[in-house]
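There are 2 protein chains.
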Amino acid sequence: MSSEDGRVAVASEMRWNGWGDPAQASDLPRAVRMLLPLLLGRIRKPEPSVDLSEVQLVPSALQEGDLHDLATIVGPEHVDSSREARIRHAGGRSTPDLLRRRRREQAAPDAVVSPTGHDAVAAVLRFCADRGIAVIPFGGGTSVVGALEPERGAHRAVISLDLHRLSGLIRLDEVSGEATFAAGTRGPDAEALLSRRGFELGHYPQSFRYATVGGFAAARSSGQNSAGHGRFDDMVTGLRVATPTGDLDLGRSPGSAAGPDLIRVFLGSEGVFGVITEVRVRVHPVPTERVVEAWSFSDFAQGADALRRVAQRGGGPTVIRLSDEAETAVSLAQVGRIGKALSKGASMVTVYEGADSAGRRERTTAILAEAGGASSGDGDAAAWLDGRFDGPYLRDSLLDAGVFCETLETATTWANLLHLKEEVTEALRESVETAGGRAYVMCHISHIYATGASLYFTVIANLPSDPLETWREIKGRVSDAILAAGGTISHHHAVGRDHAPWLEQEIGETGVRILAAIKRELDPSWILNPGAVISSHRSR
Amino acid sequence: MSSEDGRVAVASEMRWNGWGDPAQASDLPRAVRMLLPLLLGRIRKPEPSVDLSEVQLVPSALQEGDLHDLATIVGPEHVDSSREARIRHAGGRSTPDLLRRRRREQAAPDAVVSPTGHDAVAAVLRFCADRGIAVIPFGGGTSVVGALEPERGAHRAVISLDLHRLSGLIRLDEVSGEATFAAGTRGPDAEALLSRRGFELGHYPQSFRYATVGGFAAARSSGQNSAGHGRFDDMVTGLRVATPTGDLDLGRSPGSAAGPDLIRVFLGSEGVFGVITEVRVRVHPVPTERVVEAWSFSDFAQGADALRRVAQRGGGPTVIRLSDEAETAVSLAQVGRIGKALSKGASMVTVYEGADSAGRRERTTAILAEAGGASSGDGDAAAWLDGRFDGPYLRDSLLDAGVFCETLETATTWANLLHLKEEVTEALRESVETAGGRAYVMCHISHIYATGASLYFTVIANLPSDPLETWREIKGRVSDAILAAGGTISHHHAVGRDHAPWLEQEIGETGVRILAAIKRELDPSWILNPGAVISSHRSR
Numbered sequence: 072m073s074s075e076d077g078r079v080a081v082a083s084e085m086r087w088n089g090w091g092d093p094a095q096a097s098d099l100p101r102a103v104r105m106l107l108p109l110l111l112g113r114i115r116k117p118e119p120s121v122d123l124s125e126v127q128l129v130p131s132a133l134q135e136g137d138l139h140d141l142a143t144i145v146g147p148e149h150v151d152s153s154r155e156a157r158i159r160h161a162g163g164r165s166t167p168d169l170l171r172r173r174r175r176e177q178a179a180p181d182a183v184v185s186p187t188g189h190d191a192v193a194a195v196l197r198f199c200a201d202r203g204i205a206v207i208p209f210g211g212g213t214s215v216v217g218a219l220e221p222e223r224g225a226h227r228a229v230i231s232l233d234l235h236r237l238s239g240l241i242r243l244d245e246v247s248g249e250a251t252f253a254a255g256t257r258g259p260d261a262e263a264l265l266s267r268r269g270f271e272l273g274h275y276p277q278s279f280r281y282a283t284v285g286g287f288a289a290a291r292s293s294g295q296n297s298a299g300h301g302r303f304d305d306m307v308t309g310l311r312v313a314t315p316t317g318d319l320d321l322g323r324s325p326g327s328a329a330g331p332d333l334i335r336v337f338l339g340s341e342g343v344f345g346v347i348t349e350v351r352v353r354v355h356p357v358p359t360e361r362v363v364e365a366w367s368f369s370d371f372a373q374g375a376d377a378l379r380r381v382a383q384r385g386g387g388p389t390v391i392r393l394s395d396e397a398e399t400a401v402s403l404a405q406v407g408r409i410g411k412a413l414s415k416g417a418s419m420v421t422v423y424e425g426a427d428s429a430g431r432r433e434r435t436t437a438i439l440a441e442a443g444g445a446s447s448g449d450g451d452a453a454a455w456l457d458g459r460f461d462g463p464y465l466r467d468s469l470l471d472a473g474v475f476c477e478t479l480e481t482a483t484t485w486a487n488l489l490h491l492k493e494e495v496t497e498a499l500r501e502s503v504e505t506a507g508g509r510a511y512v513m514c515h516i517s518h519i520y521a522t523g524a525s526l527y528f529t530v531i532a533n534l535p536s537d538p539l540e541t542w543r544e545i546k547g548r549v550s551d552a553i554l555a556a557g558g559t560i561s562h563h564h565a566v567g568r569d570h571a572p573w574l575e576q577e578i579g580e581t582g583v584r585i586l587a588a589i590k591r592e593l594d595p596s597w598i599l600n601p602g603a604v605i606s607s608h609r610s611r
Numbered sequence: 072m073s074s075e076d077g078r079v080a081v082a083s084e085m086r087w088n089g090w091g092d093p094a095q096a097s098d099l100p101r102a103v104r105m106l107l108p109l110l111l112g113r114i115r116k117p118e119p120s121v122d123l124s125e126v127q128l129v130p131s132a133l134q135e136g137d138l139h140d141l142a143t144i145v146g147p148e149h150v151d152s153s154r155e156a157r158i159r160h161a162g163g164r165s166t167p168d169l170l171r172r173r174r175r176e177q178a179a180p181d182a183v184v185s186p187t188g189h190d191a192v193a194a195v196l197r198f199c200a201d202r203g204i205a206v207i208p209f210g211g212g213t214s215v216v217g218a219l220e221p222e223r224g225a226h227r228a229v230i231s232l233d234l235h236r237l238s239g240l241i242r243l244d245e246v247s248g249e250a251t252f253a254a255g256t257r258g259p260d261a262e263a264l265l266s267r268r269g270f271e272l273g274h275y276p277q278s279f280r281y282a283t284v285g286g287f288a289a290a291r292s293s294g295q296n297s298a299g300h301g302r303f304d305d306m307v308t309g310l311r312v313a314t315p316t317g318d319l320d321l322g323r324s325p326g327s328a329a330g331p332d333l334i335r336v337f338l339g340s341e342g343v344f345g346v347i348t349e350v351r352v353r354v355h356p357v358p359t360e361r362v363v364e365a366w367s368f369s370d371f372a373q374g375a376d377a378l379r380r381v382a383q384r385g386g387g388p389t390v391i392r393l394s395d396e397a398e399t400a401v402s403l404a405q406v407g408r409i410g411k412a413l414s415k416g417a418s419m420v421t422v423y424e425g426a427d428s429a430g431r432r433e434r435t436t437a438i439l440a441e442a443g444g445a446s447s448g449d450g451d452a453a454a455w456l457d458g459r460f461d462g463p464y465l466r467d468s469l470l471d472a473g474v475f476c477e478t479l480e481t482a483t484t485w486a487n488l489l490h491l492k493e494e495v496t497e498a499l500r501e502s503v504e505t506a507g508g509r510a511y512v513m514c515h516i517s518h519i520y521a522t523g524a525s526l527y528f529t530v531i532a533n534l535p536s537d538p539l540e541t542w543r544e545i546k547g548r549v550s551d552a553i554l555a556a557g558g559t560i561s562h563h564h565a566v567g568r569d570h571a572p573w574l575e576q577e578i579g580e581t582g583v584r585i586l587a588a589i590k591r592e593l594d595p596s597w598i599l600n601p602g603a604v605i606s607s608h609r610s611r
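Protein chains in written order, with our numbering: chain A, 72 to 611; chain B, 72 to 611.
Next up, chain A with everything else stripped away, as it sits in the complex:
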């Protein structure tokens, strides 16, 4: 996967109109097919998908001179305005993105430009600012919030800035436990490069197989092991960033009080302030032990209270997740088993890795048992581990079968958790019904903090015609409900374009003014990812 000098080969491309490795795409498992009518009633076959060759694009708006000049910067073979390249960079992997890929007429960036290092990225940004060309930074292409839509804002053209050639381990400080990666390094490549030196990053979001280290940073990612190792925010110790008007090299030391932490300005900036080109992260020795155990609680509230006690005590599991009754019933957490084992109550998965695993398990076990949990052995937890990156494949099969499937997520304090869950569940159910459909809503907690937790909702629904427009309305109502019930508009999917209208409610008018002021300073021609995070009218 990687050559001697720490650079890594490009991973296989994802399905152009679905998730992941085309070879792993599969039909809906029989058990799921049997279950669906029980949950959603009769399901209509959808319109067939279009083939890649049938997609109609508007011709590239870039002129020959632009393409020539871009080629001068990055090399002619790295400026691609072919139909296929443009379509492959036309969006991310939200369900709306995939529904758009099923249409004949599609929007796409005017070219895909792939620079090879920090200086080339900076040069492309200066060039595009000068020529009035919008730039959408593109890492693994796994955004589920519309951050990769080919929006050109006020500009005459838009390019996708594909960062896959910025790949590899640049430095490893084994004493300090710090690794510096080129931002385009994908999750599996980063772990492979570290593991041969005895280290692990330990960041495993569901997008892990395709997403990049730079994307983790830009979108404030959370991983399945975040209970043990923290959010990606907590792992980042340094960033190198190129902007249209200057570079940054941030993160001089751990524990600094030298003014506000500017790393945090770029974590969550989703490419609107600059392009992250290098990421320095805290790493730890590859864990030598792993223990898994599943637990069962009488209901979600009981399980959530147990989680709270574990989080507030500290020093608990590396992974801890709790499915609500609806998710537990269909075994959604164990992708390979969905619908096969119908279970009651609320099921929990725990995984312990690394130092003091046995002690952490012992102390956690005491808390979970005292809170009313019963161990159900390691089977379900092992099944969760097996299928933990496979959820998105299932969504593709559901869409093919005419079943709408999407996820959304939020977080709040422990005191507000059950209220928020109820409000969001109800808003989802009600708004699907108002649209004439039927929904099955499931929820789990995947990330815990001393003061609160995340809530991750999966909805499958039998939507009437035009699911894209229908979902847009539903998502709007549910987002309103999240904010009204005290949740954040995103726990780890980020803002993109889909959540931007709700960001101002969350951080206020003054908060948005701060973001816009930073953007105007660094990107005065407003070329970077226009419309993402900050609404374009803020450009003045």
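Don't read these hints as lab results, they were simulated from the structure. Hints may contain errors.
As the list claims (entries may be wrong) - If you want a taste of the chain B side facing chain A, the calculated C-beta under 7 Å gives, among others:
hint, residue
1, D244
2, V246
3, P325
4, A328
5, A482
6, A486
7, Y520
8, G523
9, L574
10, I585
11, E592
Stated by the list, open to error - Some chain A residues well away from chain B (every beta-carbon gap over 10 Å; in silico):
hint, residue
12, W87
13, Q95
14, A102
15, Q127
16, V129
17, A191
18, H226
19, I241
20, S266
21, A453
22, S468
23, R500
24, G507
25, E540
Beta carbons are placed, not taken as given, at the ideal position from N, Cα and C, and that holds for glycine.
Could you slot chain B onto chain A? The hints should help.
Quick look at chain B alone, frame taken from chain A:
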């Protein structure tokens, strides 16, 4: 200390020209007096201090109309342009601040204004922006980096905005473990208010007895228990901020990916973007157990390696500190014993509090012993606990005896730690000698992270005449050395005015442009703490 409604009485005022409670000021202990000539040679008696009544101030530049209008906002008894009030708000508690308090002619703010809540703070800011009056936010008055100098920038007058009336526990969410304090609440008051509800904040910087919760946030404070509970940055879950152009209410939920974390824009902003009026923090149950143990290592390098192992394993002590050979020799870490017990090697203090204290101690003990440490029982550690807030009193006695004493601090990665320590120690020694003096330089590690640690230097010196100007030159050279050797310009003292010239080296031209852009947006007339953090020429 506190009335029924959660408000607390004002703590006793600090010595106007020294540290802390005037009743606790004392002469230099006999053992220290004996030791000093050995370390520094013959010491000349300094000029006697001036009395408060002898201080000469320029008359207040505020007009009657200004004072009247300010009184309308905050009440006439809370606008104080008396000599004493002005002098008491003329600076912080760095050694240069104290040396300036010894002079007959002093600079001071033109009045002290004490609003009582968020809305009154916002009204004062709008008024001052409108009238061209600079505003220096004032919490506990414990800054040691010149953040409280009465600099008026381009304005005709400057007020000190004293926040002591914003005091008390506003809300406590016992389930989520979150407490909201008015920003002017002092450390001891915050802990007293929490402890009667069974909770602790657990943030104990040396300034604890006077510093405020808002100051902890504004200056990115670290406390003695940061190994266990994290820096103050990590404790803050929400902020309310008043700026001249709008308010902010930040921190909707734990674990959010809703754009960049704007809380981090205000942590470390030192009053240049706005005034923090409320702080929401993570709290934990009052620990019921405490174990202390001192350790001895053959030298600092061995002890630092042991600290690294503890930090990288995680789940270690609540407090862990390592003194270098020079600090160990004079027992500086045990204020009551200084100079009495001359010890060899490098001494370490560990304290374990709260959940799993015994387990954490057992695992830490194994690491420390394996790294070459030898337990020296609980005596030295208990002595450290006893004297841990008393260091600044000793400095006053030293200054009275003609001995210059100051501290400075930095942080870096584990790999760079010994190099940085050597370079800074050498720069201190050399530049004191160049100035014709003699120095004794001591160092300890007080804060550890997975990837690195802090270095805290104490220098006592026999400086020739005009120690204020001589120290300015020395401090400049040492700051250069810190940056050149890869350290941060501050680990927890912050930037203020003293470190501002070095901040640009640390975060780069583009980094300073980001700070200036935020400031221009929120404080377009540049009234807030002009000259702190960001050099005033950035106002354009």
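Hint by hint, which ones does the structure fall short of?
none
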